[in-house]
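Given next are the chains, with one letter for each unit.
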Amino acid sequence: MAKKIPLDPAAIARRQLQILLAVDCSGSMQGDRIASLNYAMRTALPELRSVAADNPEVDVRMSVLRFASTAEWQIEAPEPVENIQWTDLTAEGETHLGDALRLLADRLTPAAMPGRQLPPILVLASDGYPTDDFESGFDAFFAAELTSSAIRLAIAIGSDADNEILGRFIRHPELKPLKANNATDLVKYIKWATTAPVKAASSPTNSPDPLKAFAQEIDENQPVTSDIIW
Amino acid sequence: MSSDYPNWKIAGASVRGAAHSRSGLPNQDAVRFLPDTGAGARIVAAVSDGHGSAPHFRSSTGARFATQGATDILAWHLDTQEDDEIEGALVGEIISHWQTSVIADLQANPISEEDNIYPGRSAYTPYGATLITVAADENIAILLQIGDGDLLLGYADGSIERPLRDDEGLHGEETYSLCQDDAGQYFRVATMWNQGDHHWPDFIILATDGVAKSFRDNDGFEEAIKHLRTLAHDNWDETIEALPSWLEEVSRNGSGDDSTICIAIRTDTNMPRKE
Numbered sequence: 001m002a003k004k005i006p007l008d009p010a011a012i013a014r015r016q017l018q019i020l021l022a023v024d025c026s027g028s029m030q031g032d033r034i035a036s037l038n039y040a041m042r043t044a045l046p047e048l049r050s051v052a053a054d055n056p057e058v059d060v061r062m063s064v065l066r067f068a069s070t071a072e073w074q075i076e077a078p079e080p081v082e083n084i085q086w087t088d089l090t091a092e093g094e095t096h097l098g099d100a101l102r103l104l105a106d107r108l109t110p111a112a113m114p115g116r117q118l119p120p121i122l123v124l125a126s127d128g129y130p131t132d133d134f135e136s137g138f139d140a141f142f143a144a145e146l147t148s149s150a151i152r153l154a155i156a157i158g159s160d161a162d163n164e165i166l167g168r169f170i171r172h173p174e175l176k177p178l179k180a181n182n183a184t185d186l187v188k189y190i191k192w193a194t195t196a197p198v199k200a201a202s203s204p205t206n207s208p209d210p211l212k213a214f215a216q217e218i219d220e221n222q223p224v225t226s227d228i229i230w
Numbered sequence: 231m232s233s234d235y236p237n238w239k240i241a242g243a244s245v246r247g248a249a250h251s252r253s254g255l256p257n258q259d260a261v262r263f264l265p266d267t268g269a270g271a272r273i274v275a276a277v278s279d280g281h282g283s284a285p286h287f288r289s290s291t292g293a294r295f296a297t298q299g300a301t302d303i304l305a306w307h308l309d310t311q312e313d314d315e316i317e318g319a320l321v322g323e324i325i326s327h328w329q330t331s332v333i334a335d336l337q338a339n340p341i342s343e344e345d346n347i348y349p350g351r352s353a354y355t356p357y358g359a360t361l362i363t364v365a366a367d368e369n370i371a372i373l374l375q376i377g378d379g380d381l382l383l384g385y386a387d388g389s390i391e392r393p394l395r396d397d398e399g400l401h402g403e404e405t406y407s408l409c410q411d412d413a414g415q416y417f418r419v420a421t422m423w424n425q426g427d428h429h430w431p432d433f434i435i436l437a438t439d440g441v442a443k444s445f446r447d448n449d450g451f452e453e454a455i456k457h458l459r460t461l462a463h464d465n466w467d468e469t470i471e472a473l474p475s476w477l478e479e480v481s482r483n484g485s486g487d488d489s490t491i492c493i494a495i496r497t498d499t500n501m502p503r504k505e
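So the sequence lines, in the order shown, correspond to chains Y and G.
Position 114 of the first sequence, counting from 1, maps to 114 under the numbering used here, and the rest follow consecutively.
Position 220 of the second sequence, counting from 1, maps to 450 under the numbering used here, and the rest follow consecutively.
Fair warning: there could be bad hints in the mix.
[To be verified] With a Cα cut of at most 25 Å, we get these calculated DSS-like pairs of lysine-lysine: (1) Y:K191 - Y:K176; (2) G:K456 - Y:K3; (3) Y:K199 - Y:K188; (4) Y:K176 - Y:K188; (5) Y:K176 - Y:K199; (6) Y:K199 - G:K456; (7) Y:K4 - G:K239; (8) G:K456 - G:K239; (9) G:K239 - Y:K199.
These are calculated hints, taken from the structure and not from any lab test.
Generate the whole structure from the sequences, applying the supplied hints.
See the structure below:
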């Protein structure tokens with residue numbers, strides 16, 4: 001029987017994977033859109049918990065940011081996904097994306113995400129044009145130390161969504177915004193955007209461009225056909 | 231040139247990560263060392279980490295090709311060339327050998343239509359892997375690396391160091407890879423000469439990134455490596471025998487990734503071994 005090599009348990013740790021979800025709660029989201037988004041999150045969470053449970057080496061956590069006439073954390077501290085209870089979001093006001101980007105930037109630092117982290121997953125869902133100073137928001141966002149390593153996904157809700165702005169958030173030549181033109185699409189994409197990157201991150205890999213597989217999945221998933229269009 | 235006195239010991243271990251065990255995937259790391267008897271005046275070591283994601287569906291084979299080719303090439307150069315002629319062409323030879331192995335494997339085992347779904351990939355993409363390789367005798371140590379993973383040297387005063395610069399221009403889980411068309415420009419290379427002073431390593435360790443990623447931070451990882459150096463010098467056989475279970479414990483409680491280590495110690499030193 002071989003002697004055991006001593007190992008300090010405190011030196012070993014699971015890696016944390018943080019999902020930061022930023023949701024547009026402006027007035028244009030009222031009605032079917034915000035109801036569909038709330039429904040999507042309620043159905044996505046059990047799936048996310050299941051994915052996390054299947055991959056015990058990864059400590060999956062989520063924070064939720066809502067933005068309208070201002071931006072504020074709905075769930076601020078990164079919460080283990082098994083503990084999250086979804087509280088329905090309501091919609092009214094303007095679309096202060098710049099404020100949201102500045103709050104995200106504050107979180108994308110080594111101090112705010114200490115230890116061995118997997119690249120954070122950022123999901124932005126929006127249905128309209130920003131109404132605040134989003135340029136300075138983008139500047140702060142892309143100046144944050146961990147933004148460039150984050151997996152940035154965006155969901156364009158409805159046909160009025162500003163794809164150019166969402167594309168600037170993603171800033172990847174092969175990743176495009178997911179276009180949710182109806183409730184079915186939105187539910188599907190919210191579930192996909194919150195669970196697919198967790199599945200991928202939970203399967204240890206390294207490669208020259210880990211995001212390529214996501215680009216292909218997005219291409220394969222679009223467009224979703226439906227008679228009902230927002 | 232090398233003497234026949236076996237003043238190095240070398241060994242390696244590789245374990246499949248918990249995540250790969252659950253999903254039924256093979257260990258996508260590879261390790262190879264020479265001499266395979268584990269002792270010699272000249273040693274050569276290589277570890278490789280196959281990328282594992284879907285576009286790299288033959289990366290365990292790519293990792294095996296990488297370690298086989300690199301160790302054979304380094305051993306041949308160290309045994310047959312003048313020392314000062316060694317460095318120049320190694321990177322090109324290693325890449326060329328790996329690519330030739332991949333092409334031969336593709337001819338023997340063509341990719342099916344259903345696997346051929348990744349647009350823009352090169353013939354080498356399915357086999358993508360990293361590589362860390364080292365050759366050393368009593369005069370010279372040659373160190374090469376492409377992609378992630380850890381290469382550390384240990385010294386008689388108990389210190390350890392990373393002899394190669396860090397990679398630049400990468401984000402998140404990205405790594406450079408043998409499968410890239412321009413792989414040659416991403417190799418990091420160093421040659422060390424034994425100047426007869428104390429700055430000549432008595433310990434070499436090569437590790438795939440699954441090991442370091444299991445530690446809370448880099449300090450914890452390096453402390454564990456320092457301890458491993460001391461144990462290896464104090465009782466080589468017991469340490470090597472215990473290495474697989476140590477790797478399993480590290481991976482199971484940490485990254486869950488495949489984890490691979492190759493270590494070598496120099497046995498011709500009477501210098502004190504502080505931890």
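Cross-check of the supplied hints:
no., hint, in the structure
1, Y:K191 - Y:K176, "holds (17 Å)"
2, G:K456 - Y:K3, "holds (18 Å)"
3, Y:K199 - Y:K188, "holds (16 Å)"
4, Y:K176 - Y:K188, "holds (16 Å)"
5, Y:K176 - Y:K199, "holds (20 Å)"
6, Y:K199 - G:K456, "violated (34 Å)"
7, Y:K4 - G:K239, "holds (20 Å)"
8, G:K456 - G:K239, "holds (17 Å)"
9, G:K239 - Y:K199, "violated (41 Å)"
Of the hints listed earlier, those the structure fails to meet are numbers 6, 9, in rising order.
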